[in-house]
Amino acid sequence: MTNSVKLTDVKKSFNGHEVIKGVSLEVKKGELVVFVGPSGCGKSTLLRLIAGLDTPTSGEIHISNKDVTYAHPSKRGVAMVFQSYALYPHMTVADNIAFALKIQGLPRAEVDAKVAEVAEILQLTPLLKRRPKALSGGQRQRVAIGRAIVRQPDVFLFDEPLSNLDASLRGQMRVEIARLHAKLGATSVYVTHDQVEAMTLADKIVVLNAGHIEQVGSPMELYRRPANLFVARFIGSPNMNILSVKVAGAAATTVTLETPQGLLEIPRTGVVATNGDTVSLGLRPENLHVAADGEASHLKGHVVLIERLGGETFAYVALKDFGNDPVIIKLSGEADLHNHQEVGLRVDLDRAHLFDAQGLALGQPLGAAPDVGAGHV
Amino acid sequence: MASTTSHAPDAGWRKHLPVLNALLRYGILIIIGFLMLYPLFWMIGGSFKNNHEIFSSIGFIPKEPTLDGVINGWKTSTEYTFATYLINTFKIVIPKVIVTVISSVIVAYGFARFAIPGRKYLFALLMATVLLPKSVLLIPQYLMFREFGWLDTYLPLYIPQAFAVEGFFVFMIIQFMRSLPLEMEEAAVMDGCNSFQVLTLIVAPVILPAIIAVALFQFMWSMNDFLQPLIYLSSVEKYPVALALKMSIDVTEATSWNEILAMSTIAIAPSLILFFAAQKYFVDGITSGAVKG
Ligand SMILES: Nc1ncnc2c1ncn2[C@@H]1O[C@H](COP(=O)(O)OP(=O)(O)OP(=O)(O)O)[C@@H](O)[C@H]1O
Ligand SMILES: [Mg+2]
Numbered sequence: 004m005t006n007s008v009k010l011t012d013v014k015k016s017f018n019g020h021e022v023i024k025g026v027s028l029e030v031k032k033g034e035l036v037v038f039v040g041p042s043g044c045g046k047s048t049l050l051r052l053i054a055g056l057d058t059p060t061s062g063e064i065h066i067s068n069k070d071v072t073y074a075h076p077s078k079r080g081v082a083m084v085f086q087s088y089a090l091y092p093h094m095t096v097a098d099n100i101a102f103a104l105k106i107q108g109l110p111r112a113e114v115d116a117k118v119a120e121v122a123e124i125l126q127l128t129p130l131l132k133r134r135p136k137a138l139s140g141g142q143r144q145r146v147a148i149g150r151a152i153v154r155q156p157d158v159f160l161f162d163e164p165l166s167n168l169d170a171s172l173r174g175q176m177r178v179e180i181a182r183l184h185a186k187l188g189a190t191s192v193y194v195t196h197d198q199v200e201a202m203t204l205a206d207k208i209v210v211l212n213a214g215h216i217e218q219v220g221s222p223m224e225l226y227r228r229p230a231n232l233f234v235a236r237f238i239g240s241p242n243m244n245i246l247s248v249k250v251a252g253a254a255a256t257t258v259t260l261e262t263p264q265g266l267l268e269i270p271r272t273g274v275v276a277t278n279g280d281t282v283s284l285g286l287r288p289e290n291l292h293v294a295a296d297g298e299a300s301h302l303k304g305h306v307v308l309i310e311r312l313g314g315e316t317f318a319y320v321a322l323k324d325f326g327n328d329p330v331i332i333k334l335s336g337e338a339d340l341h342n343h344q345e346v347g348l349r350v351d352l353d354r355a356h357l358f359d360a361q362g363l364a365l366g367q368p369l370g371a372a373p374d375v376g377a378g379h380v
Numbered sequence: 062m063a064s065t066t067s068h069a070p071d072a073g074w075r076k077h078l079p080v081l082n083a084l085l086r087y088g089i090l091i092i093i094g095f096l097m098l099y100p101l102f103w104m105i106g107g108s109f110k111n112n113h114e115i116f117s118s119i120g121f122i123p124k125e126p127t128l129d130g131v132i133n134g135w136k137t138s139t140e141y142t143f144a145t146y147l148i149n150t151f152k153i154v155i156p157k158v159i160v161t162v163i164s165s166v167i168v169a170y171g172f173a174r175f176a177i178p179g180r181k182y183l184f185a186l187l188m189a190t191v192l193l194p195k196s197v198l199l200i201p202q203y204l205m206f207r208e209f210g211w212l213d214t215y216l217p218l219y220i221p222q223a224f225a226v227e228g229f230f231v232f233m234i235i236q237f238m239r240s241l242p243l244e245m246e247e248a249a250v251m252d253g254c255n256s257f258q259v260l261t262l263i264v265a266p267v268i269l270p271a272i273i274a275v276a277l278f279q280f281m282w283s284m285n286d287f288l289q290p291l292i293y294l295s296s297v298e299k300y301p302v303a304l305a306l307k308m309s310i311d312v313t314e315a316t317s318w319n320e321i322l323a324m325s326t327i328a329i330a331p332s333l334i335l336f337f338a339a340q341k342y343f344v345d346g347i348t349s350g351a352v353k354g
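Chains as they are written, first to last, in the numbering used here: chain A, 4 to 380; chain B, 62 to 354.
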């Protein structure tokens with residue numbers, strides 16, 4: 004398979020301040036790659052480097068096997084959809100979409116045909132004569148996407164395209180983008196803050212932090228086997244609970260952990276650690292359960308806060324003798340629980356995560372074949 | 062507002078409060094507006110009075126309306142009709158407005174969007190020229206244009222404007238450009254525009270209200286400009302309206318004020334018409350719709 008976009012040790016500094024600290028990445032043809040990361044980590048900057056709106060301080064950028072590191076944006080075969088839509092306010096929808104083709108000097112008839120085709124795909128046909136001012140947010144976003152599609156670029160770049168929309172419209176547009184990607188099969192790089200967007204749209208997620216890549220993988224791979232604490236905390240909502248514990252013994256397929264509430268044995272292979280090492284135990288909210296009366300439990304504590312969202316309930320439980328913040332537990336909507344209640348927690352031990360003092364993943368879950376996350380779930 | 066209380070029987074008068082309120086507000090506004098515009102009305106009225114009535118009554122409605130002022134004023138006391146002077150004025154003003162707009166927009170774009178070395182200092186220098194009294198420049202400029210052999214031509218009146226010398230206009234357009242979303246221009250770059258195309262196809266149409274404002278100010282100021290034509294023009298046949306009006310005050314001892322008022326009225330008409338025609342562009346900037354909001 005050919006590489007559509009290839010970054011080789013790309014660095015970018017603004018006024019001597021390094022914002023992108025050496026990023027190497029390959030995006031395959033037809034793939035939709037999502038960049039996620041905290042605010043200010045350099046997602047937009049990286050996207051702008053690919054787009055050609057900025058040039059890297061060092062490193063190389065290849066698109067469709069051509070070195071485009073210093074090429075003009077319009078010569079790279081990329082099209083970009085901006086967060087603010089960035090439509091041309093003085094032009095009609097049709098002219099907005101046609102603009103790039105007109106600049107290229109395509110004949111009028113051809114331009115009109117292409118605009119009509121794109122408008123049909125995006126259901127913009129009835130709006131072609133309107134100005135952006137007279138469109139809703141979702142319609143404006145569709146025009147912005149239409150402006151990108153019409154150029155038939157090798158690569159689509161999206162910088163948080165849905166973050167200006169309200170929640171329900173965002174969901175709708177997300178489905179539409181997924182549908183469009185399935186239909187056009189174009190290589191896409193997509194920046195977002197939104198977990199759901201990242202998990203549902205991506206073939207591959209790139210987690211960025213402070214200008215470097217933390218981990219690259221399919222959504223489920225990142226979810227199941229985060230390479231480090233940062234990724235573990237970043238992927239999944241609510242965040243993974245992290246408990247500080249000590250290693251009390253590591254065998255071939257199990258690790259024994261010493262917690263303030265006694266020993267905990269979790270199945271895990273390949274753990275290299277010395278007894279007494281402080282490690283971080285990561286437990287996702289959905290892998291913690293309230294034990295029924297009389298049922299054995301791994302951890303004990305009391306409920307400090309309950310958030311009922313209707314379909315599901317989040318309970319914050321302060322663990323006895325742990326110094327940590329309360330852990331979050333995901334329960335069914337009808338969960339019968341009240342504040343200050345003493346509860347025992349059952350842990351899905353085979354889904355527990357372990358990280359060493361440097362924050363790197365320690366060992367692997369049992370039976371985790373390398374192809375766990377197939378991407379399309 | 063008042064409607065919430067109108068159910069109570071003893072508060073019925075409150076229903077009329079908004080009407081009274083409006084009457085009061087508009088009454089005051091109309092009176093003040095009338096006072097401020099009175100000299101204008103008086104000038105227009107004076108055009109249709111005969112010469113001695115102008116000073117014998119303060120009212121602006123002529124008692125015995127006459128077209129003498131307009132007819133004689135149009136003929137002027139020179140060998141040319143007033144039409145010549147009007148045309149002369151446009152020969153100065155129109156090129157001046159055009160070169161001002163073009164040069165100011167280009168220079169403003171440079172300041173607003175390009176990282177020119179020393180941009181901050183250049184900008185400060187530009188702003189400093191706004192503070193510089195124009196009269197300071199008169200003598201050196203006169204000497205320069207004399208060397209060029211441009212005296213008694215219109216060139217000194219508008220060629221300087223081709224170098225964006227009106228710092229105020231440049232400043233105004235820069236402020237407008239700064240408020241534009243950068244992403245819009247980046248989108249145009251991605252669509253294949255070079256800088257010049259971004260300026261002409263995207264930025265200029267979007268800041269049209271600012272451009273119209275600049276054109277309008279320059280038009281009005283140039284229509285009224287007296288000093289520059291006085292210095293550079295020596296033949297009567299090239300005089301613009303401002304000089305022609307002054308000339309008719311000088312030549313005869315008994316000045317025909319009604320003629321002067323009539324010609325003044327005609328002279329301000331283009332500015333007024335243009336202003337009202339362009340007004341709707343100030344009301345609603347057309348940026349809305351480019352970004353969310
Ligand atoms: N033109 C610039 N000049 C100087 N610093 C910049 C410039 N553009 C970005 N930066 C800095 O680079 C860092 C990364 O910015 P970037 O916009 O890429 O973040 P981001 O990951 O897109 O954040 P967000 O999620 O908030 O959009 C920030 O610290 C920002 O201040
Ligand atoms: Mg960003």
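Hints were generated in silico from the structure; no laboratory data involved.
It is possible that some hints are incorrect.
[Unchecked claim] Computed spacing ranges between beta-carbons, pair by pair: (1) Val-178/A x Gln-258/B: 34 to 44 Å; (2) Ala-74/A x Gln-236/B: 25 to 35 Å; (3) Phe-95/B x Gly-43/A: 35 to 45 Å; (4) Ser-240/A x Val-191/B: 22 to 32 Å; (5) Ser-240/A x Leu-90/B: 55 to 65 Å; (6) Tyr-87/B x Ser-240/A: 37 to 47 Å; (7) Tyr-99/B x Lys-132/A: 23 to 33 Å; (8) Lys-132/A x Glu-125/B: 54 to 64 Å.
[As the list claims (entries may be wrong)] Which residues of chain A face chain B? A few of them, derived with a C-beta cut under 8 Å, are: (9) Tyr-73; (10) Pro-76; (11) Phe-85; (12) Ser-87; (13) Ala-89; (14) Phe-102; (15) Gln-107; (16) Leu-109; (17) Ser-139.
Source: prediction; values computed, not measured.
The C-beta atom is built at its ideal place from N, Cα and C for all residues, glycine as well.
Verification of the supplied hints:
For Val-178/A and Gln-258/B, the Cβ-Cβ distance of about 36 Å falls inside the hinted range of 34 to 44 Å, so the restraint holds. Distance hint check: the CB atoms of Ala-74/A and Gln-236/B are about 34 Å apart, consistent with the given range 25 to 35 Å. For the pair Phe-95/B and Gly-43/A, the supplied restraint of 35 to 45 Å is violated, since their beta-carbon distance comes to about 59 Å. Look at Ser-240/A against Val-191/B: about 55 Å separates their beta carbons, and that is not inside 22 to 32 Å.
For the pair Ser-240/A and Leu-90/B, the supplied restraint of 55 to 65 Å holds, since their beta-carbon distance comes to about 58 Å. Our hint of 37 to 47 Å for Tyr-87/B and Ser-240/A is violated, since their Cβ atoms are close to 58 Å apart. Our hint of 23 to 33 Å for Tyr-99/B and Lys-132/A is violated, since their Cβ atoms are close to 48 Å apart. A hinted range of 54 to 64 Å holds for the C-beta pair Lys-132/A and Glu-125/B, which are about 58 Å apart.
Checking Tyr-73/A against chain B by beta carbon gives a least distance of about 15 Å; that is not within 8 Å, so the hint is violated. For Pro-76/A, the shortest C-beta to C-beta distance to chain B is roughly 5 Å, which falls under 8 Å, so the interface hint holds. Of the supplied interface hints, the one on Phe-85/A holds, with its beta-carbon coming within about 4 Å of a beta-carbon of chain B, less than 8 Å. Hint status for Ser-87/A relative to chain B: holds, with the closest Cβ pair at about 4 Å, below 8 Å.
At about 4 Å, the closest approach between the beta carbon of Ala-89/A and any beta carbon in chain B falls short of 8 Å, and the interface hint on this residue holds. The interface hint given for Phe-102/A is met, as the beta carbon of that residue sits about 5 Å from the closest beta carbon of chain B, less than 8 Å. At a threshold of 8 Å, the smallest CB-CB gap from Gln-107/A to chain B is about 6 Å, leaving the interface hint in force. With its C-beta approaching chain B no nearer than about 11 Å, Leu-109/A sits outside the 8 Å limit, and its interface hint is violated.
The closest approach between the C-beta of Ser-139/A and any C-beta of chain B is roughly 11 Å, which is over the 8 Å cut-off, so the hint fails.
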